[in-house]
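Protein chains: 4
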Amino acid sequence: MAGGMFLEKIRSEGLSHLSYLIGHGSRAAVVDPRRDCRVYVETAHRKGAHIEYIFETHRNEDYVIGSVALAEMTGAKIYHGRSPDFQYGRATKEGDVFKLGDLRLRVLETPGHTFESISIAVSDSGFGEHPVAVFTGDALFVGDVGRTDFFPDQAEEVAGLLYESIFGKILPLGDQAILCPAHGAGSVCGDSMAEREFSTLGMERLTNPVLQVKSKKEFVKAKLAERHYVPPYFRRMEQLNSDGSALSVNQLHSPKPMTVSAFEKNVEDGAVLLDVRSPEAVGGALIPRSLGIPIEMLSAFAGWFLPYDKKILLVVQGYEDVEIAFSYLIRMGYDNVTGFLDNGLNAWEAAGKPYETIPSVHTSEIVRRITENETFFLLDVRTESEFRGAGLPGAGHIYLGDLRKSLDRVPRDIPVVTFCGSGLRAVTAATILKMEGYDHVENCLGSMAACAAIGCPIVKGEG
Amino acid sequence: MAGGMFLEKIRSEGLSHLSYLIGHGSRAAVVDPRRDCRVYVETAHRKGAHIEYIFETHRNEDYVIGSVALAEMTGAKIYHGRSPDFQYGRATKEGDVFKLGDLRLRVLETPGHTFESISIAVSDSGFGEHPVAVFTGDALFVGDVGRTDFFPDQAEEVAGLLYESIFGKILPLGDQAILCPAHGAGSVCGDSMAEREFSTLGMERLTNPVLQVKSKKEFVKAKLAERHYVPPYFRRMEQLNSDGSALSVNQLHSPKPMTVSAFEKNVEDGAVLLDVRSPEAVGGALIPRSLGIPIEMLSAFAGWFLPYDKKILLVVQGYEDVEIAFSYLIRMGYDNVTGFLDNGLNAWEAAGKPYETIPSVHTSEIVRRITENETFFLLDVRTESEFRGAGLPGAGHIYLGDLRKSLDRVPRDIPVVTFCGSGLRAVTAATILKMEGYDHVENCLGSMAACAAIGCPIVKGEG
Amino acid sequence: MAGGMFLEKIRSEGLSHLSYLIGHGSRAAVVDPRRDCRVYVETAHRKGAHIEYIFETHRNEDYVIGSVALAEMTGAKIYHGRSPDFQYGRATKEGDVFKLGDLRLRVLETPGHTFESISIAVSDSGFGEHPVAVFTGDALFVGDVGRTDFFPDQAEEVAGLLYESIFGKILPLGDQAILCPAHGAGSVCGDSMAEREFSTLGMERLTNPVLQVKSKKEFVKAKLAERHYVPPYFRRMEQLNSDGSALSVNQLHSPKPMTVSAFEKNVEDGAVLLDVRSPEAVGGALIPRSLGIPIEMLSAFAGWFLPYDKKILLVVQGYEDVEIAFSYLIRMGYDNVTGFLDNGLNAWEAAGKPYETIPSVHTSEIVRRITENETFFLLDVRTESEFRGAGLPGAGHIYLGDLRKSLDRVPRDIPVVTFCGSGLRAVTAATILKMEGYDHVENCLGSMAACAAIGCPIVKGEG
Amino acid sequence: MAGGMFLEKIRSEGLSHLSYLIGHGSRAAVVDPRRDCRVYVETAHRKGAHIEYIFETHRNEDYVIGSVALAEMTGAKIYHGRSPDFQYGRATKEGDVFKLGDLRLRVLETPGHTFESISIAVSDSGFGEHPVAVFTGDALFVGDVGRTDFFPDQAEEVAGLLYESIFGKILPLGDQAILCPAHGAGSVCGDSMAEREFSTLGMERLTNPVLQVKSKKEFVKAKLAERHYVPPYFRRMEQLNSDGSALSVNQLHSPKPMTVSAFEKNVEDGAVLLDVRSPEAVGGALIPRSLGIPIEMLSAFAGWFLPYDKKILLVVQGYEDVEIAFSYLIRMGYDNVTGFLDNGLNAWEAAGKPYETIPSVHTSEIVRRITENETFFLLDVRTESEFRGAGLPGAGHIYLGDLRKSLDRVPRDIPVVTFCGSGLRAVTAATILKMEGYDHVENCLGSMAACAAIGCPIVKGEG
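Protein chains in written order, with the working numbering: chain A, 1 to 463; chain B, 1 to 463; chain C, 1 to 463; chain D, 1 to 463.
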């Protein structure tokens, strides 16, 4: 029944988290499982294999790891790097080898992103010692390397550690090793990852921009110059991933459909309204006091704005989005998503309830207003580095994640137009302003991308 | 391997078309297959059964039947009622019996909806002659009966035939027979079907409003008083379902993703733009010259507005909706859906292309305008019977399907607000007006439902 | 998002257990959930519905009910009939009504099969009071009624109660009600169910053989004359279904693939070997000391032979059968299935391990041996009523479930040929005899069915 | 909607054929599609991508390629190497480049396995010219290289061409390129492929045994020493893959379930009986005149024995195996699989029909017979190279594929025991002998593997 070797990537959309099932015949291991971990059991079963080991490449800060739940479902043993923080699993160290049929998984200690980070080199004992693949966690990505900003007091040290891990341990495994990192493009763990999720150590050695340095010094300098944002939810992830206390997904109830009146009642009682529809739909009609985060932005921004101690209620376009939003949010530890508005905005409107709108403004209209010196505030919520790269003249910059605490910088007496890369982040900003009582808010659908396309006057922002 | 008897309903969303797989052990038949007919083969295979017969209860006018394609895939034989129109299959007549293991399928000629309509009574030979189920096609539905308006010159005759078919043949099969009709709630083949798709002849005899008549005369009178609309695409369905000339779905290419520039090029060359997003999203931003039909309304209204001789291009919220819209449209014979805008409105906006908006107006605001005698035209696009039931004072009525040919009744010099049951049909009207050059168009999200909920002044419409 | 009414039957193969998801729009209930209850959550989600109620028609004795687990997953409330035995859920009584949108679920107390049995009549409030469906649990089946042998001291009383429940409460609901029983053909809860799982009260009133009686007295007499077997595992089911103590399926690990040596080691340590391959495959090669039960017989016979206190190891043909056998066994409370032989018999044979064979004997050869007075023991393991109906001359009868305790009736000094309906039960008997040290055992593939087909001399058995 | 880059391997079980879907965003290509090609369309749709190109790395001889059918379903263009044989598609040549978003697919002419073989190097234009992957067709596999025995008159030339293609073109692409070959372990296109299907050029350069040569001469010598078998069906594959005349899978009917009598009738009319059950099941009971090929051996041996001009009927264990066997056989161009025996052997036996058995003999019993000089013929049907490696003393060798034409070497007057690696091929030999009228045939389950495990006396065979 059981067959050859397998190496399967399981991608978690939203977080752009990559995890892996690797094995030979009927024996398998999982690397960095996500919280909703049934997928590994099912994938292994399809192959006739049983999961024996679970590896964590490091204590993750951006999602709830599923190790404890997966261990309960399978009886597998959990291994992670050496750190006093872990209150579950076992520590593994440099040189430890795990066997899965003819596969050999050898542990390398590769600190830098975190101190206890490990990588795992995979070889096929029938074909010698050369690693055929390597799990690098958040040390080395396709086109980028891991963040080293989590220990600000030791910034230089950890950047140097990462250099040593990559250049001293990982790359020496050989150009032939297939690269298996823990994140792909779209993750909050790195800005510059390639859109391509398949690569090798050789490919990275030759083409990864961050690795094209002449010295450790140059590498460290470049890392220290990076500017990353730290969403507040990271702290909770670190705690859950240290003590292993996250509930099993099986114990969570998925959000209940709610009638308009039940929905209203919950909101009155303090529930938070999260609208994950598109910017256009949110612009067309919006329940008052909703936070709008388009579903493709949810994993990146929910952790800035959503509380862990209040009920969260969803407003969605279609029922499938309830499941998607729910899965994205529980991966971030939001176990408090209790309901959604049954039949969505249509039900709300048909009940005669009030709704707001956020008018869309074309970039060409913004340019006209600027040119004609009309009075309005153009609020650019992109990252500092994007804003420094290029922006519209006269724009004010507040990074979206920081908006709530920087409202004093947004004038209340003149119209505000929210602005970002193409309109997805700007709509979130617009809904926050509406919630905060701003009357006259518009959203620039198209934003910077449209500017580039139509040739607006562009200046370098001063963030 | 093969097991007991099975009776599976296959529902086609959109059309609310119901088809059936029935069988015993390894032998099966399909009743009224839809065009994308792989589902029957797969369902039969899961049961270890082979499809031997395909029955058409009548020549359908509202969708492309999949008999010929399914026969090619399975080798099954096609049977339908007696009519010179059919250019494929075999005629079956009153009393014919087909065997599937212990099941017996007996044909009843039940004209009325069409002349060649048949019903099929199912009995289990191990349990005597009493029918356990009956396929009634468009003769008898849950809570309604079939339309009898397709032969206006013989209106009274066909209504009488339907009475005889139902009261003389179908109901006498006995209260114990499970009802298996060809349509459920939401179909264009009947206004008043129940939201419940499971019933029996006894249940209908006792509770179906149309059957609670004292005489054939009363029944015929009621049928003659009904007012149905006939979408223009019915004619094409009749032709395809007579000559069996529809292409197999396997020969159709699903719509291609198109870049913004390819999309624009196609539109310039005459392609029709179909936007199936929600009313809120269409209101928020809309590509100029798009026809907006929310996806849940597509099967009901595409056949009024879409051409068969031009390319149709889709604008959707998410990629899944491409597949859904495509399947809905090919069931209506639209083989000309060639592409969709890749990445949707966001791509369009990011390319700096122009978009329009359709502002949403709350019902309370409409009431205010009426009360304060503001100048505007309230365009109610519901059916005549809905409009006659209740409407806002001063509204003008044009049924949505008739809007294009009745534009002379919509003033161009004052603002227009579109209005319907809850805002879904009104947005289609709004996009048609925009296409036709109306400048000032708003859509009343909530519409009549919101009026009822908040207690507007309501009058009886005079349609 | 949420739509009309739905009534979905979920069939558990093996047990032939039928459970139901019923609902309207976003509100749903489950009737008699099985232990592996994720299927209800997933089916409800596909419909955009949330499970609010769980009903148990009676305390089941033949499978582990999933109410407690399903309640944990969904937050739904559990309801069952009135009995002091239940240590979870709430009691419901005659006349209680539960609402799901327009659906009304009304409770009827229908004792007989058990004292606390309830039925649930379903009506659609938009269409009056007439029930459109009824959940009858183990009171009324398609073509049969429930067993009344569980209270031998009150046999007449309970048979009478069942008569009153069916004729006094259920049938009066009307011919039009769709029948939704808790079991279909193949269940240990009734011998004579139809192969057809769709029926109505009218259909049963007209055709169910057990209901064609002239009086309560005749009904009771017929019930008292029935002869049922009570597999020993029923006791455990009753306990688990009273105290709700069964583990959640999420807490169980599926069986591990085992190497030949690990497998042998476990057997030496006392594990029980269960071979679920076909009679032909078991006949061709069999690991010594295996109990052979073909997988389609597993639910019917596992409960006679398998222990709850030892490890159970599987031998299967293909990996899919591991999952099937595992699901069948956990539904019977066997949480002790810990492993399976990886790569099956082929691995065992390739390791040079010893195997046995059970030669197949054709019925015509049996007839020859009988005719020529050869010395052998023909062991017929069918039910007493089958045996009384017809058998081969000279056969000895022991019901398969009773074989282990009746071995003194099977001679050890002459060849034994096992015999049943077509060879499926006989192979189990053959493996038991092999385990018990019988040297010369053959299995008659074809058995009684082949006799009938080829025209053997047949006598009435004297069981 | 469309996202990043993807590279998906689609494995065809049985043939161990590997094909690929590669793309960026909404644009995709397929390399070497199999005949049942819906899988590519569905995989592409899941990614929101459209298939624009189809590449054939060479004219395949071991399966029916799906290019023409896939092109019809998608409108994609077909490309292959330059050869006058192709009657469809377009020729592509060294240096041609195809774009899919940022991906670049560059053609290399890599003759050797066939003259027109191409490889395709893939680079990511955002990351320079270095290939990140390469499709090598049948030139380079994981752990092996392509066969070069198809042109016996030019054997040395083609082996030399392959050397140049691998060492002169493919390996120079760099160690970093991920290897994407057209076959994995189990294929008839190479004996020594690794069980691991993931590798890189670097990994192969370092560890592929065939590449560890010092010179072209050494490579050519080794290739010329290889001994491959050419199943007769290869000729038909070459024809179908040249003229593109294979029917679309949509036009094929899957095998019909047949009653025992219909089955018998077909066999009488000349249909061929193919039994794909396990060796143990075939040994336990077998319909006379069946060819037994265990399903996991079907792709390797069907092409030696099955005709294209007679109906083929299946005997299977479970219904799923009908679908599996059907898919395996249509991939080999067997469009003549018309039916299967409904309910399998159990139905046959229950109908009282005659069956045969093939007794299983343990290896230890064979050794005893050899040691005690009993008279019997031990028929070893492994490959010549396996037989030369090690075998039992006194065994006669005939390769399974050659058995039918070498029956004069198998004595009819003494018992025959069939023997192979572990019993899977030997059972096919046993059924052939039974068909050919051999009376006394046994099969050695365990065979050579069991010998090794228990330590039999082993000699070098003289094939």
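These are calculated hints, taken from the structure and not from any lab test. One or more of the hints may lead you astray.
Where chains are identical, the list cannot tell them apart; a pair therefore holds if satisfied intra-copy or between any two copies.
What the hints assert, rightly or not - The calculated DSSO-like cross-link candidates involving lysine-lysine, where the alpha carbons are at most 27 Å apart (straight line), are:
no. : residue 1 : residue 2
1   : 9         : 256
2   : 47        : 9
3   : 256       : 310
4   : 47        : 311
> Out of the numbered hints, which ones does the structure contradict?
Replying inline: none
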